[in-house]
Each structure stands twice: as structure tokens, then as C-alpha cells.
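Peer 1: As a plain string of letters, each chain reads:
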Amino acid sequence: MSSLTTGLKGRAELGVALLLGAAGALVLWDAIGLVTPYSKSDPVGPKTVPYIVGALLIICAVLLAINVLRGGKGEAEGGEDVELGHPADWKTVLPLAGAFVLNILLIDWAGWVISGTVLFWGSVLALGSRHYVRDGIISVALSLLTFYGFYLGLGIALPAGLLEGVL
Amino acid sequence: MDVWSSLMDGFATALTPMNFLYAVIGVILGTAVGVLPGLGPAMTVALLLPVTYALEPTSAFIMFAGIYYGGMYGGSTTSILLNTPGESSSVVTAIEGNKMAKAGRAAQALATAAIGSFVAGTIGTTLLAVCAPIVVKFAVSLGSPSYFAIMMLALLAVTAVLGSSRLRGFASLGLGLAIGLVGLDSVTGQRRLTFGQPLLSDGLDIVVVAVAIFAVGEALWVAAHLRRTPLHIIPVGRPWMGKQDWKRSWKPWLRGTAFGFPFGALPAGGAEIPTFLSYVTEKRLSKHPEEFGKGAIEGVAGPEAANNAAAAGTLTPMLALGLPTNATAAVMLAAFTSYGIQPGPQLFTSEGPLVWALIASLFIGNLLLLIINLPLAPVWAKLLQLPRPYLYAGILFFATLGAYSVNLQAFDLVILLVLGALGFMMRRFGLPVLPLILGVILGPRLEGQLRKTLQLSAGDPAGLWSEPIAVVIYIIIGIILLWPLLFKLFRRNRAAAAPAGPQLKSGSSAPNEAGGSVSHASHRASGGDGGDGDGDG
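For the record, the sequence lines run as chains A and B.
For what it's worth, this note's numbering labels the leading residue of the first sequence as 55, then goes sequentially.
For what it's worth, this note's numbering labels the leading residue of the second sequence as 11, then goes sequentially.
Isolated chain B (complex conformation) (with noise of 0.2 Å):
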């Protein structure tokens, strides 16, 4: 079957009635969850897991896709009208966005966002429908070795480039290893990690992890350290663009969203780097450089479109190999898994009906945000006034609901605040939440595959590099290992070269190097030497 076709049929199935509601459902949740603080489309995905094992998974994906893309229109409308982003991602966004907003144009500002947002999910999403089909003709061909190296090197990557310190990284995706590992061994059935406790020898449910480090963690951080002075929410009208911001603001959605989708698909994900990107190509091309730092609406309109693009790219890898690199995604797998889909290349065979489904939904889902974001703006702005008693409480009141209606058992309450706990740690020490996450889902796949490939060359480790991509993959993973060390010696010898002045300024210098200079310089600031004295993956 063709692309066409199949996408056809997928809008078939998403534009059933009952379909079409979930649609709607996920688009108004996720815009909501967007907009609120102290929530986010992975921690909702995770909720809404128990309540939706009673649907049609098709049903429960399309409501996931709307939330997934919902939150990241939320999202812009949180950085412009408070100056406080949310979500990493979009923290570019707010430093153009909320002059904006400042000066009087937060209604130019929320349309150059959400159109943006739009023109990149839709081509995102078509890039998406185009490409995944050719990753799965080439993933089909792959082995177990193969298999291990991919799924080795999104945990490495999002651990060592993602995050302001590698070693709290690696830290991080350790206790996520160590909690994927508790329960039946999947091969010979003994229990690992259950102290004698029967509860525990089905192992953690992932709706537990996910909900008590996302939403537990997460309101007893806000709750220690709670802002008792109001936020100055900049009120808002309905948005729209005139002429003038519609001619900036094209050439930048288009940039945005092809630095965005690359990205997000690489296995190192993340929207963190193309928005920055984004940001700094814009500067340099606009032709009104002086209104940067003062409310450029090129500023917004890239890094949101490169944003949304990136949220589409990460779909990739997640529907054609099964790996996901971002919390979302991570969840969303965790949701096949729990509805005994086998995620992996073999999806788009086995379930084409539901993958094409859920692909159409997200063209539908973008269409509809469209619609209730631009009239809806101020409605959605309220939102932001929320006593925050009643937000936090009724994040934990949520998330003890969902997690208590997987099993009916209190024990998983237990667990539910011991690992909120963790999460309260975790942010207080600066331990990313990802890696974590990552490794409770990904870690029980990645044993099962090591354990295949060795099984397929009787006990004989070179079975692990048996395969010539595994190769490959083995040799960027060293690279993105060593890079530290790499940069250092670089920077000696062009300090060497030029005595005159070698600190990368991000403003001034080639895009690339930009991008490089970022990552480092965040490492930097972590203290310390964090970043450098690994190598211990």
C-alpha cells in the first residue's frame, strides 16, 4: 500500500464521529495542560493511561496526539504572556515573546505563534507520513545488533547532550535502569529487586513512575518553593497579524521547521537546540536586527515553528523504530506496550490502521488547534489565573486517582510517593527527569535485545558489533562521548592560533557553532566539572 492511500484511509478512520471527539477532547486537554504550570502533555499522558485502557486504542492514541500537540501551542501562550517559560522548549520563545507582549503586540505575538505552529505541524506532519515508511523499509532489515547499538544511543545521547550536567545525567538515567529492572526476569522468570514483596514482582507500573515523578514530584517541588507574589499576567485580546507581520513572519516559520524536524528525529531529540538555532538565524538574517531583545516578531515566529516541527520529528523514530526521545513519546511507547501493541518497525504492518489513524489525527489535531487558539486566546489566558492551591492540589488529587485505578491497591500509593519524592530530589539537585523516564522504559527493551543478539552468537560478544550499522552507531556514540574532550582540545588550539579573543560569543558565530557552544556552555554551568569526568556509560 502506498502512503496515499493509507493516509487516506487513516483520515477515514479519524473522522468517525467518536474518533473525532477524542480529537477534540485531546486538543482542548492538551492546550489546557499547555497553558497550566506545573502540568505537561507527558504527565497528562500518563494520567489518562488507566482511564483509557476502556477505549479502542485507536480512539486513545488520537486523544494522545492532541494532547502531545496541544501542549506545545499552550505552551507559547504561557512564555508570551508571562515571562516564565514552562517547558525548555520554549524558553527562546519568551525572551522575544514577552517584549512583545510587553510593548502592546502580545496579540501579533500569540498569532505568529500559533500560525507558525500550524505551517510547521502540517509540514512536520507530512514529512512524518513521507519519511517514516522509508525508515521502516530500512529498520526491517535490521537485527538485534543493530537494535542495541540505536536503542543505546538514544539513552546516551539524550543523557549526555540533553541537560546542564552530564554526571547528573548519567545519575539520573541509572535510577531509571535500576527501577526498569525490578520484577520477573522476562527470560528466566526470577525476581530481581523485590525484597520478598509480591506486589513488586510484576514490576513498577510505568503509570506509577511517570505520574509520581511528572505530577508528585512536581507539586511538592512548587509547593516548597512557591511564589507568593502574584505573576503580572499581561492581559490579551483576540490575535491577529497586519500585513507587515505577516511578510516577517513567513521566511521564519519555514526556516524554523527545517531546523526543527531534523532534529527532533535524531535520536538525541529534543526541541532545546533547533529553537536555539532558530533563534540566532533569525537575528542574523532579519533586517531589523535592533529590534531583537526588544520584541522581534521573527524571534517568535522561528523558534515556534522550529518547536512544533521538532515535536513532529520525534514522532519519527518513535512510530518506525519504537524509540522515543522525549518524555511524550516515551510515554505514548509505554501506552502501546500496556495495550499489547509491540512497538518497533513491524507496527506499521502489524497495526497500519491505527499508525495511519493517528497520523491523520495530528493533521486534524493541528487544523483544530488552529481554530481554538486564535478566537480562543484570551479564554485560554484565564486559564493562567487558577488560584494555585487549587492547581497543585488538584494535580496530586489527579494523580493519586490515576495512579491508585491502575491496580485498586494502596501499595501503589506507597510507591507513588517514595518515587514522588525521588522527583522532588531530582529537581532540588538538579538531576534531569528525562534520562530517568528513558531508562525505566527503554532499559527492560534494551536487556531483552542484548540478551537476543548474544543468544544469536552463543555467549560470543562480537555478535554485539556484528552488524555493519551497529558499527556506525557505536562510533557516533564514542563521538558524542568524547565530544567534551574533543571541544577542550579544539579550543586550545584555536586560543593557541589566536591569542586575540577564541570565546565563542552564540551571538556572532556560524550556526553550528552556536549549537556547540550551547551545549558547553551549559555544561560549564552546572560548576564544576561535571560535564567532563564520564565516559562511564
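Next up, chain A with everything else stripped away, as it sits in the complex (with noise of 0.2 Å):
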């Protein structure tokens, strides 16, 4: 391993210290804003815990950075379909989440079955399938079945958004 390399991935991680750290302190800045009166029924109060999880997560980060620069390391997660020889392939993750993020914008506005169509033929698509119509079709037929399994089964409306009156 070059020292680059090896610099390079103690920087990611000591990223995730300073996330403990940061989240530390915001638990601490928020508890610190709590204003109350000391009563007699609740003597611990409603700050005493957040301040001990602020401590904890602000320990954490100090421990775990002392951890990564001395060389320690987190093992990355295995699985079946893991294959941890190659770095993370942003080239998968990054369209996968936009997918995601599409259905975000338009679920309320333009309805389940054409968010969550956009969001299950995107995904597949960003996760490598090359079968664009076949997928299209089964996006829009798992977008419709949920819909309407949704409705009549549970009694829960998704949002029909633009084909409203349509559905």
C-alpha cells in the first residue's frame, strides 16, 4: 500500500469522527437552549440525558479519531452481493440516489404511480439493467398494483397527484 492510499482513507474516516463530533455538539448546543425551571416532580429534567449523549457521541469522535490516526480501521461490510476488491462505485450509488430523490420531488405533485414508477425504472436502470422496456413495463405495473393494493386492501390513498380521476 502506497502512503497516499493509506493517507487518503484515514482522512474518510476520520470524516466520521467529526460527524459523532459535530452531532455531539449539536445535542449539547440544543439541550443547552432548554429552559427549565428545577421542579420537584422531575428532578433529572428533560436536559440531563442530552447532555449525557452529547458527552458520549463527543467522546466517541475524540476516541475515534485517536483510533484512525493511529492506524486503526473500520472493517467495510461484507454480504452476498458484496464484492469489496474495488473502491465504491459512485458511478451506481450517485444515480441511484438521484432516482430517489426524483421520487421525493414528485410524489406529492405528481402521484405514486409515476413517482414510484420513475423511482423503481431508474433505480434499475442506475443498478445496470439494460432491459428498458421490459422494465418499464414492470415499474409501471409494481406502481399500480401497490396503488390500488394500497387502496382497496389497507384502505390507505396513496396520492394519485396528476391522473387524479383517472385512477
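Calculated from the structure, these hints are not laboratory results.
Errors might be hidden in some of the hints.
Capping the alpha-carbon separation at 25 Å, the derived lysine-lysine pairs in BS3-like fashion look like this [to be verified]: (1) B:K498 - A:K127; (2) A:K94 - B:K462; (3) A:K101 - B:K392.
Please assemble the complex out of the two chains, which come individually in their own frames, going by the hints.
Peer 2: Following this line, the structure appears as C-alpha cells:
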């Protein structure tokens, strides 16, 4: 391993420590902002536990930073479909996240049937399938099926959006 | 009411056509998610939670129980036919199971796993039915200080004992507790960590958190490292066992059960340690030790039984104390709360029929699983060929649907994505997921008990150790936290006494020693001194 790659990897995990520290600081800052008069019926009050949690997070952040600087490393999680040999494949992850965001933006306006289709079709595409038509048909079918399944079977009305009146 | 008549009432409830149907759906779904990579029973139960609000709680829990047990059966199929175990509890099964399959004995490996799971599940469920009421009898006399201590023990034990790095476990726990804080304070009604966002004041829905961490995080993580070379799946016929296989399997089944149940019932729960202990024991006792490493049937029979018995064991503290020790039990506990059912020792009295129907359905589910797993194993194995783009796109699709249907607001999907990214990061940097989930679910309950305790003692912290049970538990917590330190001292002494070779080889040492060396060795594996710098709980 070259020193450059180890340096980069080390720095990436320091980001975790940073995140923990930021979360801890946020919890503490929020707790300080709470105003509570001392009450006999609740001696602990709403602040105590946030203080402890915030402190735990900050201690973990510091210890993790020390651990990483000393060469410690978290083991990436394996799995049936996971191959850890190659670096993270952002060309798959980012479009996947993109499909997810598109769904969030569309769901209330365009309705579940459209946004769900976009989500599934986009995800399948991002994950490397190239059967555009077959994937499209499956996406529409899944979205329609869940829409009616939820409405008729569970009484949950997913938004119909643009197709209001059609469905 | 005695156990027997309650259990019979439970069977009467569980065998009504509607409930039986849900049990069937549960075991089929459970087996499917157990077989499929990337899906687990905890995530499935979380996804189904919003869907089941329309159901009777009893039916819903019967289905959840089927998913829970089914996941165990399905997991063994995957680890035998592919050499990559999906869950940490089936790692050991894969060692011998996959070797057997490669040697053309997949049918026997699947058979001994399924029948062993059935035997262990049935004995384990019987023990659950007998033990849980006893634990309840003992637990009703406990007050808030003891509960606070027991919950602390569960949280700290899961964080400190399981997983490869204690430090990373505590980091995950801290994040979970912080997520659990979001929302209105239960006593004073003040907003905590809501940042003026009214949508946050109800707190983060546990369905959204669990689905984000388990499903979205997993899908994104797998997408980043998707295997491009197809996995080699060993074809399999109908499982069966010869006379010799039966002869070699039945003792490991029973011994595996004996390891699994108690470990599952302990607050540090988990099936990893008992499956490993069972494997080591079978290796030592076997008449064919030379077969180990090449596909010994005992090495599948024992650990699989231990795995299932541990699953039953885990339900004992969950039902009797309201204390979950694995992810599925944690989500089921959250399900109780969302149905307005208060988990805890009063559960057996307040919701007796539901609990006994649940236990009865475990017996039924076990039998159903044996029936659907033995002849249908080749069908389940086909599931492994599902194209991965569809599988992971489907996981994201249903995760979105499940999380959205809780409140029908797009804001939950934003949270889902943010926490999904957190789940991705945790997998990338080796932060265990379980402490986070337990922190989210147990955190608020823990805080409630703390405040009740100090309210009773009028603010005097001595109230925390005012019950003898609480004191005992704090001592156990102390030992768990100081364990790596004690172990180091112990090793140093041994090294001084016997300079020849103090290394503990897991294979050659006594079982209980092996257990210690396992957890220690895995601390080591994380590199550096990650495990030794804590004591900060």
C-alpha cells in the first residue's frame, strides 16, 4: 500500500469522527437552549439525558479520531452481493440516489403511480439493467399494483396526483 | 391460569383460519427474505408495520413471528448454497455446509439444517413458554431502579460484546440515542432537537429509521460494491438424509439447542457466540474430526440448531421484560408500542391472549417451515437467481412505499434518504447497526425509567442503586466494560507463567475459553486499540 492511499483512507474515516463530534455538539447545544425551572416532580429534567448523549458522542469522536490516526480502521461490511475488492462505485450510487430524490420531488405533485415508476425504473437502470422496455413495464405494473393494493386492501390512499380522476 | 391451559387457548386463537393464513404468509415471506440477499427479517417486519395497522394486533404478531423464524430457515439455505453467509449468525453454518454442498451433499446439508432448526425451534419455544412466565413472576416485583439497570445492561452488553470494535459500537449507540431524543420530551413537553421544524416534534418514526438504516443503507451500500461476477450457486435436489446422517445429526441438534437458548435469552443475546461454541464442541466430540473443514454434517447440524434455539431464547426477555436483544425483536417491540400495547412484565397479564397466541404460532410456524422447506428447497434456491438490479430496486421501492405510508408525507422520505446515507456510511466504516436501532428504541424508555427512579428518590442519585437486583446488574456491567482489561491482565499472567505459548487457539481450547478468545480476537481484528480505550458508557 502506498502512503498516499493509506493517507486518503485515514482521512475519510476521520470524517466519521467529525460527524460524531458535530452530532454531539448539536445535541449539547440544543440541550443548553432548553429552559426548565427545577421541579420536584422531575428532578432529572429534560436536559440530563441529552447532556450524557452529547458527551458520549464527543468522547467517541475524540477516541475514534485518535484510533484512526494511530492506524485503526473499521471493517467494511461484507455480504452475499458485496465485492469489497474495488472502490465504491459512485457511478451506480449517485444515479440511484438521484432516482430516490426525484421520487421525493414528484410524489406529492405527480402522484405515487408516476413517481414510483420513475423510482423503480431509474433504480433498475442505475443498477445496470439494460432491458429498457421490460423494466418500464414492470415499473408501471408495480406502481399500479401497489397503488390499488394499498387503496383497496388497506384503505391507505396514496396520492393520485396528476392522474387524479383517471385512477 | 397455568401455562398449559393458556397455551391451549393460544393455539385456539392461532388456528382460526384468518390467523393461520397470516402464519402461512409470515413463514413464506420470512423464508423468502432469509434466502434473498440484502433483506432480513428485521427490515421486513419494519416495512410491514404500516401495512399491518389495519389488522388485528394478534394477526400481525403471528405474521411477524413467522417472518422471524422463517428468516432463520432461509438464511441457512443461502449460506449452504452460496459460500457467502448473509447474517453473522449463519457464518459458521457456511463453513461446513458449503463444503458439503460442493461435495455433492447439498441435499443432506439442507435437510439437517431444516430438521435441526425444527427440533431446536420446538424445544426453544417450549422453553420460552415455560421460562417466560417464571421471569415475569420475578420481574413484577422489580421497580424502576432495576429496570433502568437491566436496560442499561442490555444496551451496553449488545454494544460492548457483539461486533468487532467496541469504540465503533459506542459511536453507533450514541447516534441511536441522539435520534431517539428528537421530538417532544415526554414529561415536560419541550421540543428537543426539532430545530423549529414542526414535522420533527412527533419524533422520528421508528419505521422510517429502521427502514432507512436496514433497507436504504443496505441497498446503497450493495450498489456501491455490487458483485459483477455472478455467484456460483450449487444446484440442489430435494433434501433428504440417510440413516448415517440421522445418527450423526441428532446429538449435535440437542447440544446446539442447549448452547443456543441460554445465550439467546441473555441480555447480550445474539446467535454468533452459541453457533461458534456449538461448532467447536462438535469438532471436539466428533468421531470423524478429519472431516471437519471438508464438509462434516455435525458442523451444520449443531450451529443451525444453536441459531434457531437462540432465536427462541431472544423472545424470552422480549416478551417477559420488554427487552429486545436483536434487531428483529427490537422492531417487534416497536410494533407493540405502535399498537398501543405497553411491553414489559405486565404484558402477560394485560395482553395474555395475544402473547399466548404468539407463542402458539411459533410452534405452528416451525412445523409449517419444516413442511415448506424440505420439499420446496429447490424452489427457494431459484430465488437466488433473481437479477440483482430488480432485487435492489425493489428494496428501495418498497422501502419508500413503507416509509411514506406511515404519515403520507414526503418529508419522511427526506429523513429516509438522510438516514439511509448514514446507514451507508456505517457499513463503509464498520459501525455496527444494531446498537443504533436499540438506542433509538430503548433510549426513550431508558430515560423514562431514569426520571421515574429519581422522582421516587426525590432527586437523590442513591435511588439508582436502591434495589439489590440493580446493584448486581451494575457489577455485571462493570465486568463487561472492564473485560478487555481483565483479559489482558490474565494473558500477561499466563504468558509469564508459561512462556512456551500462551496463544489461545480457538480450536484447541475449552469451549468457554474459546468464547472469550473469539470476542477478543475480533476486537483485535479491528486494528489498533479500538476496543480498549472505552469505559465511557
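Peer 1: If a hint holds in the structure, say so; if it does not, say that too.
Peer 2: A quick look at each hint next to the structure:
no.	hint	in the structure
1	B:K498 - A:K127	holds (21 Å)
2	A:K94 - B:K462	holds (12 Å)
3	A:K101 - B:K392	violated (54 Å)
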